[in-house]
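Protein chains in written order, with our numbering: chain A, 1 to 429; chain B, 1 to 429; chain C, 1 to 429; chain D, 1 to 429.
There could be a bad hint or two in this list.
[Claimed, not checked] Below are the EDC-like pairs computed for lysine to aspartate or glutamate, each with C-alpha atoms no more than 16 Å apart in a straight line:
id : chain 1 : residue 1 : chain 2 : residue 2
1  : D       : K236      : D       : D198
2  : C       : K348      : C       : D411
3  : D       : K410      : C       : E38
4  : A       : K283      : A       : D241
5  : A       : K348      : A       : E421
6  : B       : K410      : A       : E38
7  : D       : K223      : D       : D241
8  : A       : K410      : B       : D198
9  : D       : K410      : C       : E35
10 : B       : K223      : B       : D190
11 : B       : K283      : B       : D246
12 : A       : K283      : A       : E403
13 : C       : K348      : C       : E421
14 : C       : K283      : C       : D234
15 : D       : K236      : D       : D190
16 : A       : K348      : A       : D317
17 : C       : K410      : D       : E35
18 : C       : K236      : C       : E280
19 : B       : K410      : A       : E421
20 : D       : K223      : D       : D198
21 : A       : K410      : B       : E35
22 : B       : K348      : B       : E421
23 : B       : K283      : B       : D198
24 : C       : K410      : D       : E38
[Unchecked claim] Restraint ranges, calculated between C-beta atoms of paired labels, are given here:
id : chain 1 : residue 1 : chain 2 : residue 2 : range
25 : B       : W166      : A       : R361      : 49 to 59 Å
26 : B       : R77       : A       : A27       : 36 to 46 Å
27 : C       : R163      : D       : A197      : 12 to 22 Å
28 : A       : R361      : B       : L130      : 35 to 45 Å
Note that these hints are calculated values from the structure, not bench results.
Beta carbons are placed, not taken as given, at the ideal position from N, Cα and C, and that holds for glycine.
Number of protein chains: 4
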Amino acid sequence: VLERLLRGLGGNPPAPASIRKARATIALCQALLSERGEVSGARLASEVLAAYRSLDAEALEAFFDLLVDEFSPDRQRLFRAADQFRQDPSPTHLVQLQLAAESPRQELFRRCNLGPGGTGVLLDFRRRLLSTLKIHPERTGIDADLVHLFRSWFNRGFLVLQRIDWRTSALTLERIINYEAVHQIQGWADLRRRLEADRRCYAFFHPALPDEPLIFIEVALTKGMSGRVQPLLDAKAPVADPLQTDCAIFYSITNCQEGLRGVSFGNFLIKQVVEDLGREFPKLRTFATLSPLPGFQQWLHSEGRERMSPPLAALVDAGDLRASLAALSESSPLKTELLRLATWYLLKAKRAAAPLDPVARFHLANGASLERLNWMGDASDAGIQRSLGLMVNYVYRLDAVEENHEAYAKDHRIIASRAFERMLRRVRP
Amino acid sequence: VLERLLRGLGGNPPAPASIRKARATIALCQALLSERGEVSGARLASEVLAAYRSLDAEALEAFFDLLVDEFSPDRQRLFRAADQFRQDPSPTHLVQLQLAAESPRQELFRRCNLGPGGTGVLLDFRRRLLSTLKIHPERTGIDADLVHLFRSWFNRGFLVLQRIDWRTSALTLERIINYEAVHQIQGWADLRRRLEADRRCYAFFHPALPDEPLIFIEVALTKGMSGRVQPLLDAKAPVADPLQTDCAIFYSITNCQEGLRGVSFGNFLIKQVVEDLGREFPKLRTFATLSPLPGFQQWLHSEGRERMSPPLAALVDAGDLRASLAALSESSPLKTELLRLATWYLLKAKRAAAPLDPVARFHLANGASLERLNWMGDASDAGIQRSLGLMVNYVYRLDAVEENHEAYAKDHRIIASRAFERMLRRVRP
Amino acid sequence: VLERLLRGLGGNPPAPASIRKARATIALCQALLSERGEVSGARLASEVLAAYRSLDAEALEAFFDLLVDEFSPDRQRLFRAADQFRQDPSPTHLVQLQLAAESPRQELFRRCNLGPGGTGVLLDFRRRLLSTLKIHPERTGIDADLVHLFRSWFNRGFLVLQRIDWRTSALTLERIINYEAVHQIQGWADLRRRLEADRRCYAFFHPALPDEPLIFIEVALTKGMSGRVQPLLDAKAPVADPLQTDCAIFYSITNCQEGLRGVSFGNFLIKQVVEDLGREFPKLRTFATLSPLPGFQQWLHSEGRERMSPPLAALVDAGDLRASLAALSESSPLKTELLRLATWYLLKAKRAAAPLDPVARFHLANGASLERLNWMGDASDAGIQRSLGLMVNYVYRLDAVEENHEAYAKDHRIIASRAFERMLRRVRP
Amino acid sequence: VLERLLRGLGGNPPAPASIRKARATIALCQALLSERGEVSGARLASEVLAAYRSLDAEALEAFFDLLVDEFSPDRQRLFRAADQFRQDPSPTHLVQLQLAAESPRQELFRRCNLGPGGTGVLLDFRRRLLSTLKIHPERTGIDADLVHLFRSWFNRGFLVLQRIDWRTSALTLERIINYEAVHQIQGWADLRRRLEADRRCYAFFHPALPDEPLIFIEVALTKGMSGRVQPLLDAKAPVADPLQTDCAIFYSITNCQEGLRGVSFGNFLIKQVVEDLGREFPKLRTFATLSPLPGFQQWLHSEGRERMSPPLAALVDAGDLRASLAALSESSPLKTELLRLATWYLLKAKRAAAPLDPVARFHLANGASLERLNWMGDASDAGIQRSLGLMVNYVYRLDAVEENHEAYAKDHRIIASRAFERMLRRVRP
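All chains, please: the whole structure from these sequences, using the hints.
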């Protein structure tokens, strides 16, 4: 352990006080897992949570290492169980092997949940663990245990969809403000506009974390499919009558809990919101996202470079990208070239067989289709930086979602509108 | 499979229609587990639940068998993962082994929970499975998967303690009436009396099953520690002022969900109720159960027989036990002998190292102590049948519970009042 | 006062202890109305409520009399204010006259409401007062004050419509059982059937009396307009799929609070339920009552007698009415005669200009129309007794209700189906 | 009418369109009051509310006038009822007189409440009416009707006390921000600090206006009785542990509804909060306000002038009051003189027999006592302007409140601490 501790901290051995604190916390964990834990679980769990909360960064590192060393499965027992099962692969031997393979950490984490606020602490614990995994691959096992647990606990069947509006508690709204990362919320007045009659916001909650959104989505109800996000974000924009709209634009979706990375709800959330909105507003005909192409700029500067004409390359490399883009006329060939390259990027640029663009991967895997590419869809600095101002509408048609998904899941086939396909044909190969 | 089906049904092959239904349900399960399940989980889960609900007894048997055959871990993959881990017991290989050891059923059950009412259906599913395990030990694996899942889902940290009173919904109260098994509730008038000011009833609920009690406990607030249960159950008894009482008698505790067998909450429930009542009524000084000795009569007729005097043996064997017991005078030596034997039964009769009596096992393992043995504590027919009318008070002292539990857990040492120990000394060895 | 007390009690002077109690309660009332009441209103109101609750029948009588004597408006002040207003009918003088005319009781009752449960006590107070008004007409003023207050407090705008179902609290359901007077509820099993999927029950509640229904209505969802109530009340009847029904039958409506007599909600309740059901089940085409003719039998024996043929009069006077009616064949002229007389009773028998039948008065004033007369619609003993088993369907058509109501309100014109009118023509004049 | 309309609008006759709108609204009011209103009350009330909402300022004026003309009591009927009662002052005649004296407006307003949001509209209606009463004294009658109604509706027994904290809905919190007038709330961050663990905020709500506070009070839990308000308002101040405090300072109380002027809840609110806080924090020993002397500066410039020494008068008249006050040393005789004058102002300056200062009138009438005068208690510009920075602590002792109130109510005797009385003796007479 010590060796590993040294390595992990770049050679600086942890202070003895930190190690003592980590050891004391581990001792409480052992008590919680013991016989005593069965009868005094709630009390011991509270103590474990309090001890954990008091760990500084250094002590936490030591604590992670001790969790690896002292709460992993017993290898000898596991070897024996594996041998037994190989000799006689009976159901009983399988169950024994499963039990031997499960880390004691799983039960430890389950018992931590007996303390007040335990669920939230475990989410925080994983968040902090994740940030250390790169330099501490040996901690993967802890993470696997947490993911396994969270997949059970945060089962969609237990989540509650709630509308977020101006009647929601300030506690939750404040978190919405803090979590929103795609199109940052500039304070309470901005938030208020996003909750008016022509906007909608929905979040999933878990009963054990009643004020804590897990994921939320922001929707604008509009006339026609919006291609530009700034009008939707304008806090001063007049409020439309939602009954007169025909399109629901999903302009932002935010995973709030870093500690739930890999436990995904976005797919469920979008679909349930599509269903609910469809019931509330039978006149809505289009359900579409307005999404960035987060990796486009970077791709242009790497693999995409060879597909660019010299003038476009010059523009992309120029200092003031916003000014250069603004200078392009409606019919500028450079503009056309950029749109074609973005089409190529979305349809042809791959990571393994899947689209390179992470947002495309998400929506296409959910069964959405590529509908429209929008010039200057996001004219903010971030939008210009990320994707030269381009934005995409992915469309969700409930009756096509399953088929689209299967086409994508089997062959990574991407369903796109004709406009996309026409555009693609003209990209220089 | 077919062979097994034949065996399971005592030689009668299941009707083809049943097999077809079971197969169709399994096909839906496979779809739910597939890629499609990821995007259409909610819909497919609903279909699985509906298909399951429509299975008749025969089809259910076939369905169980198919779940064993087609959703158990892939042995070859498991063997390989075990080998790999043995050669290089790295965290990554451990995680792979854990994944290979986990039945696909676990994920299947998790996905079933996406459908409406899924949690309740899974509880029902296990209830029906359990009743077949004896003749189908090969189904142990299904059960192990469900227990593993339920341990996560029904974690005490997610349960909500609710007081049951006359303001509770009729839906829940009706279930309380139906579930109560220890001292049956004779309709609504009886229930109403059990919810008056000098009675308390508390239950644990899971957020996904809001009207469905998991376990409940009934408490009488009394002056002095009650030794007889009939006065507590008398629907006509006058209601006492709870502020004038000094003792809380736990006279009934009921596990409602057969499907949660082995996932235990009783310990948590009793302790939380002791804490809550102590806060509400600071004058309460004693928290005690009034419990049967469910195995006493049976023990007397087997191992206990040799310890009985001939006259007592004659009494026990006689036809009208109630009359014989009633005829005993206060100072009758037979009465004394019976009390001594009950003491012996509670303290010395063992199954392995633990008490033979299941109720004693439960309360002693929770950290309670044996306080008093009560003659004619339960004069009902059932009470006479089970334990010749005897009842025990187990006392819960929050400050002693942990120590008692550890003594019991380590050495199966039983903490009992002096009266018990005095009595014991006089039993003929 | 004393004289009046003597009179009221039929010559027996009230016991001095009762008078003392009444006086003590009045003294508290005076304190509550005084300056002190402004600052210690809640405390004093509690004391008044407690004192009131402890009054026995005799003391209550004395208390009523003292309320008349000591909390009526000051006549001299009232005379002066009237004179002043007559001389100068200015707004200020009008306000002064209004203030002088208002009984101090009004403010007393308002302040009583500061105590816990005050609203409920005031309802109970009026209930008890009402039963004495006939022999104590001088108490009319107390009643008028209460009615005035309750008209404000129990304004429909403050009432909450709630569906009553099996999820409702037992406390409220028990009251529903006790209050239902039209078709008595035979215990919990009967109630449960009336709350199944093909039945509905709705009640109005006031926020200050959250468990106390003010009025409730019971509805059966049926195929075709039911003419017989027994099948609707059959606790064993199979539950129909409400989506397959086309008719909502209001088979019982109950005013729960005698203390709210004259403060009417039935009209609002029926209409809101018609609207809500129409939204929930768009296939419902008929909203009709199934109502008794409570005064028919009595009318037959008085004014109706001269219209009966001798054989019918003999039947009506006979001992076993049920048997006599059962013996009538489908085409019996006596049956036809009875139906015609009932038609006459509903359409022509009057009290002043309004229908003699109280149920007809209620529904016709609400804008319903007479639709159908049903032979043996209520075969219970009560049904035979009241109206020889006959029942009526009144139909509520939301688009005709207002017009019907106005026709009725202006000229007491009754809207009836053609069948009724045809029948009427043949009654012997 | 026309004449009055002309007068009311200062000679400019209202535009015909406005008069038409007002007349149309009145016609709807008449329909609502008619027979039709009984059966279609909800619909007609909605129409009245909508029509009212669409009235512009001019039309509203015309509407007020029509309400005076057409919905006041019928004078002839009132005269007759008065005569009848004078001739025979029976209970029946009294009731008839009361009915004749009541404006039809009362019933009109009650029926308006049948429409959605009716209660809120009526509050708004009175708010707008109040602002016209000075130039339209003939509208007093409308106001009297509304006050009478609101006294019934907003009876303390129907109000719900709710704690306002960070879990409260943003809708309500936003209103708290907007309503607070004493110590303005500078946005959400300021509000958040006022809702931390060492602060409390409580409001009364009416069930028909669930998001709309009627009155609220802000409390700081402190160690020792605070004499300065700025530290309490400091949004950056560290949060104290409320369990370590011994004093609750009521530093702001706000009536939110102008439309409820004269229907007072402040007294109830303070007392209930004192009780609730006392239960939650048994260590609290002092419940005191920190209140301005809103009329002090004005009094100094009028009646107080003759009591000032020339140097103090010079200071008070000087331009930069803040600087002048700040320049005074701790022992400056001018400071002492000012404190003495403030004492005189609080104890001796009168309006009729009551204290001149409105805040003093409120708290003293509630039974509070004068405890301490604080130099520079409010150093804000407003505080300097109003009362030269002085603030007072009024203390609420629940066991003295009633006695204090009576002393005040009977003889306008003011209970003050010794310090006040000592100070008073030294003021130049």
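Hint check:
no.: 1; hint: D/K236 <-> D/D198; in the structure: holds (13 Å)
no.: 2; hint: C/K348 <-> C/D411; in the structure: holds (13 Å)
no.: 3; hint: D/K410 <-> C/E38; in the structure: holds (13 Å)
no.: 4; hint: A/K283 <-> A/D241; in the structure: holds (12 Å)
no.: 5; hint: A/K348 <-> A/E421; in the structure: holds (11 Å)
no.: 6; hint: B/K410 <-> A/E38; in the structure: holds (13 Å)
no.: 7; hint: D/K223 <-> D/D241; in the structure: holds (10 Å)
no.: 8; hint: A/K410 <-> B/D198; in the structure: violated (65 Å)
no.: 9; hint: D/K410 <-> C/E35; in the structure: holds (9 Å)
no.: 10; hint: B/K223 <-> B/D190; in the structure: violated (21 Å)
no.: 11; hint: B/K283 <-> B/D246; in the structure: holds (6 Å)
no.: 12; hint: A/K283 <-> A/E403; in the structure: violated (24 Å)
no.: 13; hint: C/K348 <-> C/E421; in the structure: holds (11 Å)
no.: 14; hint: C/K283 <-> C/D234; in the structure: violated (25 Å)
no.: 15; hint: D/K236 <-> D/D190; in the structure: holds (9 Å)
no.: 16; hint: A/K348 <-> A/D317; in the structure: violated (23 Å)
no.: 17; hint: C/K410 <-> D/E35; in the structure: holds (9 Å)
no.: 18; hint: C/K236 <-> C/E280; in the structure: violated (26 Å)
no.: 19; hint: B/K410 <-> A/E421; in the structure: violated (73 Å)
no.: 20; hint: D/K223 <-> D/D198; in the structure: holds (10 Å)
no.: 21; hint: A/K410 <-> B/E35; in the structure: holds (9 Å)
no.: 22; hint: B/K348 <-> B/E421; in the structure: holds (11 Å)
no.: 23; hint: B/K283 <-> B/D198; in the structure: holds (14 Å)
no.: 24; hint: C/K410 <-> D/E38; in the structure: holds (13 Å)
no.: 25; hint: B/W166 <-> A/R361: 49 to 59 Å; in the structure: holds (56 Å)
no.: 26; hint: B/R77 <-> A/A27: 36 to 46 Å; in the structure: holds (38 Å)
no.: 27; hint: C/R163 <-> D/A197: 12 to 22 Å; in the structure: violated (40 Å)
no.: 28; hint: A/R361 <-> B/L130: 35 to 45 Å; in the structure: holds (43 Å)
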